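**Q** Chain V: place on chain G using the hints.
2 protein chains.
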Amino acid sequence: MRATVLVRPKPGILDPQGQAVEGSLRQLGFGVTSARVGRVVDVEVAADDPDAARAEVEQMCEQLLANPLIESYEIELEGAAR
Amino acid sequence: MRATVLVRPKPGILDPQGQAVEGSLRQLGFGVTSARVGRVVDVEVAADDPDAARAEVEQMCEQLLANPLIESYEIELEGAAR
Numbered sequence: 138m139r140a141t142v143l144v145r146p147k148p149g150i151l152d153p154q155g156q157a158v159e160g161s162l163r164q165l166g167f168g169v170t171s172a173r174v175g176r177v178v179d180v181e182v183a184a185d186d187p188d189a190a191r192a193e194v195e196q197m198c199e200q201l202l203a204n205p206l207i208e209s210y211e212i213e214l215e216g217a218a219r
Numbered sequence: 138m139r140a141t142v143l144v145r146p147k148p149g150i151l152d153p154q155g156q157a158v159e160g161s162l163r164q165l166g167f168g169v170t171s172a173r174v175g176r177v178v179d180v181e182v183a184a185d186d187p188d189a190a191r192a193e194v195e196q197m198c199e200q201l202l203a204n205p206l207i208e209s210y211e212i213e214l215e216g217a218a219r
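Quick mapping for you: the protein sequence lines, in order, are chains G and V. The first sequence begins at 138 in the numbering used here and counts up by one. The second sequence begins at 138 in the numbering used here and counts up by one.
Pulled out of the complex, with its shape left as it was, chain G reads as follows (with noise of 0.2 angstroms):
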């Protein structure tokens, strides 16, 4: 089963990234007033059971795809309702 975690820097916390892609969109001309950068991971997992696989998608990303003090993450599910 495939899934799909949006890892984003939580409110309030720096993101120097962002920052960066919101001043060079700004020099391109574009409209921007905020810019916030994050990461996408798709991750195949065996577990076939929708259940199963976010429950284990989670323990991921307590444990190693997100930084839970500074990051929040969302966990979509291939074919699964949000």
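Note that these hints are calculated values from the structure, not bench results. What you are looking at is a predicted structure, and each value in this text was computed from that prediction instead of being measured. One should not assume that every hint holds.
[To be verified] Quick partial rundown of chain V residues pointing at chain G, CB under 7 angstroms, derived from the structure:
| id | residue |
| --- | --- |
| 1 | Ser-161 |
| 2 | Leu-162 |
| 3 | Asp-179 |
| 4 | Gln-200 |
[Claimed, not checked] Label pairs and their calculated CB-CB ranges:
| id | chain 1 | residue 1 | chain 2 | residue 2 | range |
| --- | --- | --- | --- | --- | --- |
| 5 | V | Gln-196 | G | Ala-192 | 35 to 45 angstroms |
| 6 | V | Arg-163 | G | Gly-160 | 36 to 46 angstroms |
| 7 | G | Pro-153 | V | Pro-205 | 21 to 31 angstroms |
| 8 | V | Ala-192 | G | Asp-188 | 35 to 45 angstroms |
| 9 | V | Ala-192 | G | Gln-200 | 38 to 48 angstroms |
| 10 | V | Gly-149 | G | Pro-205 | 25 to 35 angstroms |
| 11 | G | Leu-151 | V | Gly-166 | 27 to 37 angstroms |
| 12 | G | Glu-211 | V | Pro-153 | 16 to 26 angstroms |
| 13 | G | Asn-204 | V | Asn-204 | 21 to 31 angstroms |
| 14 | G | Gln-156 | V | Ala-189 | 21 to 31 angstroms |
| 15 | V | Glu-181 | G | Glu-213 | 18 to 28 angstroms |
| 16 | G | Leu-206 | V | Arg-163 | 17 to 27 angstroms |
From the three backbone atoms N, C-alpha and C, an ideal C-beta is built for every residue, glycine too.
**A** Below, chain V without anything else, positioned relative to chain G:
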């Protein structure tokens, strides 16, 4: 209007970060068969019209956010049909 851009390495393109994540997840005991890592960019654009906003974000992707040679991108507008 807020837009979320997902930028991913195209299929077949080497993804060392994804390989590292996959290896680490396996070492932690997770049953993963594949992991790919990309970026998520949340931008707040001045345009209020969904079509105009999407067109502007597409231009941002082509010019700055993604490298169209090796990366694909996906644009989601908040509150808009996908």
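**Q** Could you work out which earlier hints the structure fails to respect and list their numbers in ascending sequence?
**A** none
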